[in-house]
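From first to last, the protein sequence lines stand for chains U and B. Residue numbers are given in my numbering: position 19 of the first sequence equals residue 19, and the series is strictly consecutive. Residue numbers are given in my numbering: position 237 of the second sequence equals residue 237, and the series is strictly consecutive.
In short, the hints are calculated from the structure, not lab data. Bear in mind that the values here come from a model prediction, so they are computed numbers and not experimental data. Misleading hints may appear alongside valid ones.
What the hints assert, rightly or not - With a straight-line Cα cutoff of 27 Å, these simulated DSSO-like cross-link-like pairs (lysine-lysine) come out:
hint	chain 1	residue 1	chain 2	residue 2
1	U	Lys-274	B	Lys-265
2	B	Lys-227	U	Lys-274
3	B	Lys-85	U	Lys-277
4	B	Lys-227	U	Lys-268
5	B	Lys-85	U	Lys-274
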Amino acid sequence: MRAGMNNQKGWQRRKVWLALHCTLLIIHCPLNPVSAQSANVISGTWIGVHAEWENTFFCPLPTYLDLRADSTLHLGMTDNTAPAKTARWSLQHDTLRLDSLVYPPKLWRVNGDLLRLGLLYPMVFRRLTDVPLDAESAHKQLVGRVWQTDSLIYYFYDTGKVCLENLRTSEKTVHCWQTVQRGPSVFLTMRGNRYTCDGNYKPLWQLTNLAAGQFSAIGWQGRGVADVPFRFVRALVAGDSCRSTGFQPCDNCLLAMYSMTVTNIHEKAYQVKKILKTQFRAVALPEQSGLIRVQFAVNCRGEAGRFVLVGFSETYAPMTFDPRLTDQLTALCQTQIVPLWQIHDAKDQGYDETVRLSIRLKGGAIVDVFF
Amino acid sequence: MRQLVLIPCLLVVCHFSVAQTDGTTYIGGTAYMLKLNSAQSAYMFDWRSSQKLPDSLRTGQQLFFEGSVHNSKNELNQMAGYYEKAAQKDPTLQGMIGYDFLSNFHDPVTALRYFEAYDARTPNFDDISANDPISYRKGLAYAMIGNHAEAVRQFDKGLGAIEVKHGAEWVNYRFFVARAISYLALKQPECALDDLAKAIKNYDRSAIARFYQGEAYQQMGRIAEAKVAYDDARFRMQYIRYQRGDYNEGLIYDLHEGQIDDALKALKP
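The following block holds chain U by itself, in its conformation from the complex (with noise of 0.2 Å):
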């Protein structure tokens, strides 16, 4: 009889147990949900795609982070110009942390085969897996021959100089490439300009198959990271020449927003506001009031292109300026103000500058220029 009723007493602390164990579970899943995120699906080698520097604006990252099982992550170089920075990664409750730096479940990301890391300024990884190649037999296959993507076509020369022709634009602009050994794996690197292969990198190709008439490789394509074919066009042809078309910039990333320089206290502006105040000649037309925005950039070399005009009224909405104004404006900026910022030593300054100065018009009069 007693032994029933322990039986009984038994399995209602049992059943309470259990309902407080429910209870718990249904509390503890929606907070707490099982990562998916573990120490297996973040460790291993990551290679840098990009940074994004704006919504549509991405940066390629020549980097990779190796997490290894021991814990010790390394920071390096993807085609080997640099002896790697070696720290300690965990990941505890989510949050992952690499060195000191500590990234909370919200600020990284895995989805599929891409490491996504922070809000401000994203990085984004994609896992390497190994495809076993040569370097050297790749770089045979691509040099002196024509290769062509959805959106690109590249001219691969014995120079080391590439030419990459945009299908869309046909503009054209020069690199230098290599085809780099990094273990097994062989990657494409793109980098520099016409002047010089110590410029930053275009992005990085891993190549993934090496055929007669076609090769593949994984990268950045635009829209994502994708295995693209390379589809053979022709082999270069002597007096095939490799030559930017128009303007390109020194640097491979450059953004009009970081690129501005502080041009006001250069004397250059002193100029400037000469030119503009005795050569412009004011037509008398009293709704033609707001403000202009001329702006350029100048590469390292002194090359000036993406000129912009761009009109505002006095409320600061879009505005169309008459042409008597705006082409007056343009005439005297690209005769007489890009020169300023043009080098005429051809020294390389380091840099691309973007220059924006603003014009305030009063009836069709220059009332005031401003950097």
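Got chain U; can you put chain B on it based on the hints?
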């Protein structure tokens, strides 16, 4: 705040500049970006993450920074909209927004609207906006409009209070220079000289104070002294440029060597 956010941006630019030649710099740049994206920095500079939020949930500073980003993209309509939203969300930003319109757009009318709204929050008190009395900023706006008499009245209010309470040596020399420029516009060179002497006492290296001393002497017909002041201004400017690599005294008024050349040419023998 905007300056604070732009600092990491500029540093990122430095890390990834064209001129780098070795991989070590790229590794350093990546490490720096990893830091910017970590918890240590991400919440301090949270403009990007706030972009996903509706405007009603964003802070005034986030809206202000969104506006300044639109400015950098030449989207001034959106910029003005975000500045207005920022001012409504956080009225303490009105002084800063007004100064942005004044210094970056040379738009004293819009600037004054924000300065007045900022000042009206605490009647009978000269509010401070980013270390400047708001009356000083209002004075700059009136000077830009060309109403120098009102500008001097505002400068008197801003720097006068500090001068009376703490002494002239506690007044930022830029305030004296700004008032002196308005005195010169009003053809009161003696008052200007008095202010410029105080400015130089507080910051002996100032080139711009020397330049306007030259203009004051010129107005008074003291040509030899004007020439000495202009030459001195050039020397100080070159000295500052030699020391820092550029010349900038942080005033809304620019000074260039070409200006000094032209002033010297305009001096009557």
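To see whether the hints hold, each was checked on the structure:
1. U/Lys-274 with B/Lys-265: holds, 15 Å
2. B/Lys-227 with U/Lys-274: With Cα atoms ~22 Å apart, B/Lys-227 and U/Lys-274 stay inside 27 Å; holds.
3. B/Lys-85 with U/Lys-277: Violated - the C-alpha atoms of U/Lys-277 and B/Lys-85 are around 36 Å apart, more than 27 Å.
4. B/Lys-227 with U/Lys-268: Holds. B/Lys-227 to U/Lys-268 sits at ~24 Å (cutoff 27 Å).
5. B/Lys-85 with U/Lys-274: Outside the cut-off at roughly 37 Å; violated.
Against the hints set out earlier in the document, violations occur for numbers 3, 5.
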